[in-house]
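Student: Residue strings, one per chain:
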Amino acid sequence: MNEKGSYSDVLVIGAGIAGIEASLLLSNSDRKVHLIEKTSYTGGTVIKFEEVFSNMECSTCMVAPRQQELLQDKNINLLTLAEVEDVKGSSGNFTVKVHKKARYVDMQNCIGCDACFEPCPVSLKNEFEEGLSERKAIYVPCAGALPNVPMIDTEHCIRFKGKDCKACQEACMFEAIDFNQKDEQIELKVGAIIAATGFDAFDSKKVPKYGYGKIDDVYTAFEFERLYASNGPTEGNITLKDGKAPKSAAIIHCVGRDQKGYCSSVCCMYSLKFNHYLKSKIPEIKISEFYTDLCIPGKSHQKFYEKMKETGVNLVRVKELEVEKQGNGMAVKYNNGNKKDSIQVDMVILASSIEPRDDTSKIAKVLGISLDEYGFLKEEHPDVSSVTTSKPGVFIAGCVQGPKNIQNSVSQANAAVGKVLSLSK
Amino acid sequence: MERKIGVYVCECGPNIAEKVDIDKVLNAVSSLEGVAVAEKYKLLCSVDGKKFLEDEIKKHGLTHLVVSACSPKQHEQTFMEVCENAGINPYLFQLANIREQCAWITEDKDEATEKAIRLTKAAIRRVRYHSSLEKKEIECNPDVLVIGGGVAGIEASLQLASSDRKIYLVEKNSSLGGLITNFEKTFPNMKPTSDIIKQKIQDIAENENIKVFTDAEVEEVIGFFGNFEVKIKKKTEENNVVEFDVGAVVLATGSASFDPKKTPGYGYGKFDDVFTALEFEKMNSSGKISLKNGKAPKSVAIIHCVGREEKGYCSEICCMYSLKFACYLKDKIPGVKVSHFYSDLCIPGKSCQKFYEKTTEKNVDFIRATDVEVIKQGDKINIKYKAENNSKNSHPVDMVILSPAIEPTSDTSRLAEITSISQSDGGFFAEEHEKLGPVSTSTDGVYIVGCAQGPKNISETIVQSEAAAGKILSSLVPGRKIEPEVKTSQISESFCIGCKTCISVCPYGAITFDETKKISVVNEVICRGCGSCTAACPSGAATLKHFTFNQLYQEIVEAVQ
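So the protein lines, in turn, are chains A and B.
Each residue of the first sequence is one higher than the last, beginning at 1 in this note's numbering.
Each residue of the second sequence is one higher than the last, beginning at 1 in this note's numbering.
Just so you know, these hints were derived from the structure itself, not from any lab.
Just to be clear, a hint being listed does not mean it is correct.
If we take Cβ atoms under 10 angstroms as the criterion, some of the chain B residues that face chain A in the derived model are [stated by the list, open to error]:
(1) 77
(2) 186
(3) 390
Backbone N, C-alpha and C define an ideal beta-carbon position, used for all residues, glycine too.
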């Protein structure tokens, strides 16, 4: 606490790209940061992508050095498996209660050798991989996760259901497995808060006409990202459920746009990126992109679009569309306003809208700020600043404020830091 | 000085020990020249391991340290800190990666051991040629130059000034405010623009920390992050050159509009009553929307994407401001017919679609069209176009508004050169990294915000201004010294042939040419040690500290022997 009675430490909620960038920038100015992350790993959504538009940079190569820096930064207190439960006080003087779940693996002792996974008798679907592969009850979400320390999923671990299993502990050479770890209640005193909790994808099952969940080989964008990821369930081989490579694919834009009532601003670009993903793995594949309006704003995006067009993608502007099972594959039946037609494909990828994460309303309540009409955290006034909120000292950054690309998320993260640093002296 | 090299091999639990016969490695290296001690340890990165290393360095009086363990990405920093704590220069250390690049990927134990020996020997041979490198500290000036007095520059100035930074705000026009002062309202909230901007201009005027220069242009920016010398020229005064020092520069020079005369098919400049978006904004702000003959238009066509093909990018805001124009028209001229001619509606973000839906409720036509052409038939303007069903149509109107693309201002190249930054797609200032460095540039301490970096709306512009303020407030702290990169390039005076190849490849503008000596000179404060000049130099004059030719040669020779 300084002489004016305010705290200089900052709370950052969410260790995705916005939270990471905000934390590192704050630390650079010698602020102590408490970075609260709900999951066991950092990197958020961006590390699920193999490549990012528009220059197709390897996403993990882009973020990993920043994650590494974060872990080594002495100003940053990273609390994983942690959630903010209560915030009291006002700008300069917040008291924050954090609930930190036990990992049951010691962060200091564990060297990330993975020896504990194999002997674990439990196997279940890996959520990080959108259920496309299995994981154990002790696990890291994917190869290369940082911190590279597994966690025990007590909901599925048989030891936590009363069995006397010590398989992982016996396999560990470093005495890193600690079944006696306890959840912690941590109280923090901070001067400012940045909420950067990210987004979720619209649930494509809510629009049955796309066949998701009913027809095999209809994938969501996130599932497809993991299919292409070299550290994903297929090690980057794009295959159908039967193991074969698709000969044709349809990418459907704007899934959920009507339901959400806004354009998610990144889907056209990532759909074009998917075209690149498919062509680079299966050069002879036939791709059709179904869209209504192509939204590729910004100085660098059209060039990418033109490059993709050169690869021979069939761009089909449609008014209505549905996916039906037909033969071994699917028929995408559409109406372009002039005529009805149909294209037969092996694989369908749905470009789902961005929507608020399900815990956004809880975060709003805890922070004492409001949600906008779509359920994102509400900015104070979009024409003044999109990172300030109705509550002084509480700032927002990234997709928790609304759909946006990585560049704009990082800009907001930097902007929120600017606001924090000019708050108090 | 006698070298006393300590070599320590980490077992990394079973990770290395199971695949590599560590005793064999120790045997192979312990009698090498300069090696004073060779030991193994079960986990060197642990708290005990680091303590062990520190004690060993002190006990044996080691001068150099070699650790054979994991990837430098994992623990190079860790062991460099150990060196510092034990009192030896952290650059007299080398890490051999015998885990990721050996134990984890080599099936056969003998082969893995052989490889580990070579990697360790290579590290030992390399470390013999290492030199101590010292961190430097430089005083910095916390003041900031902001170029451009539009909304981006105003926001950046105000925010920085609120943190007690002294700001020099340089605007080439006679007043502050920029483009936005021409707008009556802004989308999507349709709040009067004057509410936003007038108060801000007033705040600038009243702020003691901000020194404003209008009718002025920046002539010269010399120096580096923390220490720039700036020269500006005032256009209206006799004694017109002003010089001052700053630590950082914010380029907020805004944008210009594509000139529709370059696309003659739209009739701009040929026909009366074909207006550009900016002309229409001004006309609307004047209070009266009228044709050249003074009458109010009964029908108006708004043509989107003017110049998009020529520029090669979507300007992001034209769809939204075109929708705003429909609102202006419907509000001021009851019964006016408004038709949008567009190809793709680009209304990204959470608040835009609702605005679009509200506009459509006002009985506005949206015509998806290609091959749009504006012709004159008699007194009437006629829009000829190809509709979605490929039919050729025409649409007579009284007035045409063109929504031209956003393009860089005419002085963008000049300012890029002055500040040693590059231009990217479309000629806008290039950001340091498309994703992670949107407001920083290849020159440390030079930031780009608003439409000077690329087309964007007001809200995104303000975010970038705040972001640049965040970057500056975080890295340029009054009283704090800055630490430039240690592993920098150096150019040998006697070897340099003055070909300037290095200058052309340096992405940071760190190399200048000494005209008297006819050689290239590295500014070590700006250099970030990327090695581009070292690789490109045809005479071997450029070398990179800690990656010198000899260091690399010795390491490789040992590894492939």
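Student: So, for every hint listed, does it hold in this structure?
Tutor: These are the hints, each one checked on the structure:
no.: 1; hint: 77; verdict: 6 angstroms, holds
no.: 2; hint: 186; verdict: 6 angstroms, holds
no.: 3; hint: 390; verdict: 8 angstroms, holds
No hint from the list above goes unmet by this structure.
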